[in-house]
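I would like the entire structure built from these sequences, with the hints used as guidance.
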Amino acid sequence: MTIKRTDELLKENFRPGIDLEPLVQGSHDFHSITEMVCAVNERKTPKAWYVAFFAALCVLGLLGAMIAYLVYFGTGVWGLNNPVNWGFAIVNFVFWVGIGHAGTLISAVLFLFRQNWRTAINRWAEAMTIFAVMCAGLFPGIHVGRPWLAYWMFPIPNQMDLWPQFKSPLLWDVFAVSTYATVSFLFWYMGMIPDLATLRDRAKGFPRLMYGIFSMGWRGATRHWQSYERAYMILAALATPLVLSVHTIVSYDFAVSIVPGWHTTIFPPYFVAGAVFSGFGMVMTLLVPFRKMLQLEDLVTKRHLDNMCKIMLATGSIVGYAYCIELFIAWYSGSGFERGTFWLRATGQSAFAYWTMFLCNVITPQIFWFKKCRNSLPIMFVASIFVNIGMWFERYVIVLTLENDYLPSSWGKYTPTAIDILTLVGSFGLFFTFFLLFVRFLPIFAISEIKGIMPQADPHRDVKKGA
Amino acid sequence: MSQEEVMDKTEESQVNRRSFIQIMGASAALASMGGCILRRPKEHIVPYNALPEDMVLGDSLDYASSFNLTGDVQGLLVKSYEGRPTKIEGLPTHPDNKGKTNAQSQAMVLELYDPDRSFAPSKNGIVSTWDVFEKEWVKELKGSKIAFLVENTNSPSFNKLTNQFENAAWYQYTPVSDVNVTEGTNLAFGSSYAVHPDYSKADKILALDCDFLSTEPGNVKATIEFADKRHDKKTNKMNRLYAVESRFTLTGGKADHRIAVKSAEVLDVLLGLVSELADKKEDLRSLSAKKLTDKKLQQRVALIADDLLKAGKNSLVVAGVNQPALVHALVAAVNQILGAEGTTVTYTKIHDDVDYGSIKELVDSLNNEDVETLVIIGANPVYNAPADLKFEQAMKKAKTTIHHGLHRDETAAVCQWHLNAAHGLESWGDWYTADGKVSLQQPLIEPLSEVVKGSVKIGDKAEKAYSAIELLTVLSGGAESGHDTVSQHSGLIGAGWKKAVHDGLISGRAYPPQTSAIRLKNIANKIATVPVVSSKSLEVVFSIDAKVHDGRYANNGWLQELPDPMTKIAWDNPVLISHATAKEYGLSEADLVEVSVAGVKAKGAVHIMPGQAKNSLTLTLGYGRTFDGEKGVVARDVGFNFYTLRTSDAMNFTSGAKITPIGTYSFANSQPHSVQEDRDLVKHYDLDLYKQDPKIATRDIENDIPKNMQQKYAHLKEKTTTKSLSTDLDFTKGYQWGMSIDLTRCTGCAGCTVACQSENNIPIVGKEEMKIGREMHWIRMDRYFTYQGGDNLKQQQGTAEFKDKSLPISHEGDNYDESDVSIATMPVACQHCETAPCEEVCPVAATSHSQEGLNDMTYNRCVGTRYCSNNCPYKVRRYNYYHFAQKSPWVSPGTTWGTDATFGYTKLDKLDKMQANPHVTVRYRGVMEKCTYCVQRINKARMDVKGEGKVLNDQDGTTPTPACAQACPADAIVFGDIKDPKSKVSELRNVDSSYKLLEAINTKPRTTFISAIKNPHPEWV
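Those sequence lines, one after another, are chains L and F.
In this text, residue positions in the first sequence follow the numbering used here: the first is 1, and each later residue adds one.
In this text, residue positions in the second sequence follow the numbering used here: the first is 1, and each later residue adds one.
These are computed hints drawn from the structure, not numbers from a lab.
Source: prediction; values computed, not measured.
Careful: at least some of the hints might be erroneous.
[To be verified] One-sided excerpt, in silico: chain F residues whose CB lies under 10 angstroms from chain L:
| no. | residue |
| --- | --- |
| 1 | Tyr81 |
| 2 | Lys568 |
| 3 | Ile772 |
| 4 | Gly773 |
| 5 | Arg780 |
| 6 | Arg861 |
| 7 | Pro873 |
| 8 | Tyr882 |
| 9 | Phe884 |
| 10 | Met928 |
All residues carry an ideal CB built from backbone N, CA and C; glycine is no exception.
Pasting the structure below:
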């Protein structure tokens, strides 16, 4: 029996205006999906990839040089001072952790909520998560004054009788981020096993060996599938609380302190919403150009992008609400220190950062109320860049609250040095190096899952299931 | 495959798998040792084979000695570890400074170890020896016409030695001297006297351009007396201080009322005062003093006059050394007529009758070629002589020029001979105190030499160094022993001499008070000759620096990095200008300017200073030093040299200056934001308000808590806690250390900062790092401007909230009265919070609480997350962004640490390390540090009494004293056991006006402050 192609099936069943746009566009069957996705890995490496990879490696090298310089001379090479003891490093840390949020949200939370459209973006978003968390994890390690002793923050039994101080939010960070990184990696890798096996079966020579090793003997047996789906479900359930916990705990770095402007109970939900917001922003920034370049528009449809825009609108509005509530509570608290902090955020020496943040994060997503904007790739792309910038500045504004705290005598000013800026730039090198490797060598879409949401997979031809 | 098959067992290949791994392991270990984790001293250390009798290793031996700064003498007790002086403390038994010190005497120990000091004589810039010089002296120079130019004339031994030279003329020069004071007394009494104010008896004080709390000679003694008299907590009696001045000084800041006028107009104000006094005191009418044209000012002067009259013999008028002789004469007249003479002010003769000529006379005789050999002892005239004398040109007329001093300075650079001087801690000496007592200076160490410095191999002969006294004995053909000279001239022998050396003072020697009737006619004649200066004309005032004095301490890193008590600017001497004047001349903050006086131009950079008199520029002397072109690593390129504008007819101030902007500049300002923003941190109240409501400080704390939270925070009212938040420590047992800082006493001199730096091995960072805000001071002096323009100070501050952007003070508009600006100062170090926010957030437990209530810092454990500092509401934690200890304190201002730092101690030679306190760890980079309440002193004190089975307490005087409290001349800082109800600190914590900084955030600090009380005139207009 030949299986009909997607477009044929749709012709029979699609009710315009009633059914949602199908999640796989064009004329496809199971085989063409496999061909399309595997082609990304199997076709001859395009020149553009080499150019991009070389550029990313150069920027990664820059990061290495900046770190070496930092470790050799000391944290003084950054623009830090007293009272601003944290600067770009912590800003970048929170920024990257935030970006690393979308992956788990898409793969775990949307999975549990049976949002089928996630299948087109989950692998992609998870990969982004892993690399973003790598970037994030780098910064707390190098920002300490004596990085060679940073391992003291781990509870490693030792002869020096050193033991961490468990009341410090920084320590909670260590656990939260490492747990998140571990679970995200497992989730990503486990989800990839069937697809790795597909690549293995199609490859020859050395790639076959490598794919073979990493697909761990997957044969596609029913038993395998059964175990796989159960494990996937369990991991999704495990990962879901992490979506909330990681950024909640990152926000504790600030919320637990007594610095006016940091010490607020709104931080955990506000940080989580912001993280989802920035994560989707980054996914969109990557997805819009890559789907075009890799000719995968049939799999990442306008409906996917439309959905993502809606999530950005929702989370962006939550973030905007949080900004306003922060201001209100600063006034309502009656505390002069709180009022002063927020007044100076908006009018002080770093006011440009505050208004950049406000404009990018609160105003930009509001355009997604309009369907036109949700359907326009250029608008979407530019908006996502704005969101990335805005979310970086949000963390900048929060960290730089240190400029003005309790005693006016100690108020100071933070000016980033070239090293600060180049380290931030370098972290993108780390991110893109891994990302380009991912795009080249790993199945960038969850082939098996996409097949599962095609009409062919539904014996009752119920296209509405795709909703 | 067996090993034989692959390994070639020839002779060359001795390396097998095992040995390869051994070598690899060893080299890995070596690599890690060479790296940054293991840092062991490279040298072998050899302990004492037989311990000297009076030495306990680790214990300091303290010797009495003296500090002399051009006649300003302090008795010292110098701590010495194994022959190495490390810390200066005041000599408690000394009658003048009573165990207290100031920043400059604290920094004396650093001057000793200055690697830029010269350690050998040189001839025409080439290193020579004393032997060569002495031979040349005897052979060629001794018989010639000699002129001596000396700096200090208050050494009895030195003065006596001047008789040994028959063919010599003697001249004396210091850039800032009390010549106006002696001339003034001469005008008033007909003979020259030294003036001795006694602030301990003065109820009402009028200071005329007289910064007696900071830059004037005798400031330590004055501060001690003033602070003691300031506020009696039991009776609420206070003295009242009026200050009339052009520059905003610490004295003006402490004053209850201040009048900002040009220095030239101080005389007018004084005459206005005399005219008011003349209404009651007929004698003064003969002066026919004019009233001031400014009605408001005259009203204010009338109130002062009234107050002084009421105080009678307990009133005191003082004038600064900057003011002309006429002012001093008038002051003497006013004091005598008010009846203050004999009570609050006394006069004595001036030291030994050696006739020293002035520098002008020296230049004249040089130009007349009357001098063949010029010997300059201590002075640096090429740098600081009046510019019109053209000293450098004149001295070239002498055949031979010889310079004797600590440094190869500007003068040494142009002299043929430079002779290296011994430092005050290396040589015997004796100094007259202001009123004729003799303080003895005892050496603690052999003169340092290149050998000690490490630049010459051990075993080479160390070159000698002579003190001024020894130089004179040698030049006159005597034996070089300074000890013999000083002891001979003391007239003491045997036990008497020993006691004097032990006490640091020859007892029973002070001049009797002198007096005679005021010659009002002379004064009146002089008044008639005073020219009228337009008030619009721009005035320049040459001012001594609160830190580097006349420039002599310019190479002292501690003093350079100490923020100026008033401007809070370090590593610079800004041209101070008022807001209105700056506006008039189109200047803004940190503009590079050209100041021209009588056609001579000098570069400077302006700082807009609140409280500065309009149309008056303050040019601070002592910066812009060049040394001999090689030396002066710290001082070089710091600030601007204004001696080039100073002429012999206008040594203090002159009018008709011009100022034009030529560019921009940047300052290292340690406190860019100088208003409290209505946060009420330095609680300051007028005496009347305080009397009505003694608990006002406590109530103000309650007001800091938001209304809706007050009930919840009711427990804040409890004075002490029994439990620490972080641990199960019991604060009801053992010692519980605490500190009380009395802001009514504190003058803001920042002597505590240098004392702390010296005690705790605190590095300096240089101007560039300070600009970013990375200074390391553990105790800083917060200085806020306050404004008394309205009826209600608080209201005024309230309107200023967050208006500040660029100006250091946030008044709106230009029409505020500079006279009504005041300051509130507050020394802030770690508050040792019982519920310390820093401790909770450290992930590695590097900062934790001790049983005795100290917030301890474990440097070795710190990995440097800096979270503690973020979470410190007082921002007292200091972080080693670089390996500051590596170069400190010999840091040139432009040091950029991020480019030339290397690991290890390679850059420090032996001399640089000698000052360090052996009881305090030197911190490595990446480590947080902060005030420890001088835990090393606490531990030492505890050990000292433990053997005797006693406990530390105030009654026995065994309570440890931190370095800041020890130095504080105002005695504002008191430390002790707060659990002991009889301790002084407990008593002070319980006074009504005691409060905790930021009490509302519930940190429960162990340091408490006592509100600053001022005593304004109730009818002030």
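Quick rundown of the hints versus the structure:
1. Tyr81: This interface hint is violated because 29 angstroms lies over the 10 angstroms limit.
2. Lys568: holds, 9 angstroms
3. Ile772: holds, 5 angstroms
4. Gly773: holds, 4 angstroms
5. Arg780: holds, 8 angstroms
6. Arg861: Holds, about 7 angstroms.
7. Pro873: holds, 4 angstroms
8. Tyr882: Status holds, d = 4 angstroms.
9. Phe884: holds, 9 angstroms
10. Met928: holds, 8 angstroms
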